[in-house]
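Asks: Using the sequences and the hints, build the whole thing.
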Amino acid sequence: MDFQELLAFAGRHQMLSLIFVGLTGGIILNEIFGLLRPFKGVRPSEVSVLVNRENALVVDLRPIADFDKGHIPGSKNVQMSQFDPENKKLAAARALPVVLVCKTGFTAGDAAKRLKKAGFQRVYVLEGGIGSWLQADLPLARGRG
5 MDFQELLAFA GRHQMLSLIF VGLTGGIILN EIFGLLRPFK GVRPSEVSVL VNRENALVVD
65 LRPIADFDKG HIPGSKNVQM SQFDPENKKL AAARALPVVL VCKTGFTAGD AAKRLKKAGF
125 QRVYVLEGGI GSWLQADLPL ARGRG
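The opening position of the sequence shown corresponds to residue 5 in this note's numbering, with each subsequent residue numbered one higher.
What you were told as hints is all true, and nothing was included just to trick you.
In silico lysine to aspartate or glutamate, DMTMM-like type, Cα no more than 20 Å apart, as pairs:
1) K107 to E50
2) K120 to D88
3) K120 to E58
4) K107 to E131
5) K44 to E58
6) K80 to E90
7) K44 to D114
8) K117 to E131
9) K44 to E131
10) K107 to D141
11) K107 to D72
12) K80 to D114
13) K117 to D88
14) K121 to D88
15) K117 to E90
Hint data in this document are derived by calculation from the structure and do not stem from the laboratory.
Replies: Structure representation (structure tokens):
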């Protein structure tokens with residue numbers, strides 16, 4: 005397929021071409037924004053490594069009822085409404101990696117930005133939230149642990 009054939013295809017299938025350009029642009033923008041954010045997204049397997057090798061603090065920002073139903077073993081629950089980077093629980097972990105967890109990953113991203121502004125150096129967000137942990141078929145602890 006040469007460039008002329010590609011142009012002819014695009015001319016015949018304008019809607020498909022627009023969708024393709026839009027999706028490609030969206031993917032590129034998503035990657036650029038990912039590089040510019042002040043924290044690093046991690047997969048569930050990477051969380052396990054951070055916890056086991058580097059004693060990372062895992063902070064679950066979900067409501068307490070959701071936390072009680074199932075959370076990453078060893079994680080601490082902090083309500084987003086009470087989230088404060090100067091909190092005693094968090095301030096003591098300034099030198100440790102901190103992994104933030106929420107339902108989908110968006111709330112944790114906001115909290116991660118606040119931690120970075122407060123001087124935390126190693127801030128991570130579980131990509132996909134607790135759902136990605138479940139999809140990876142990793143264990144959950146129940147109750148207030």
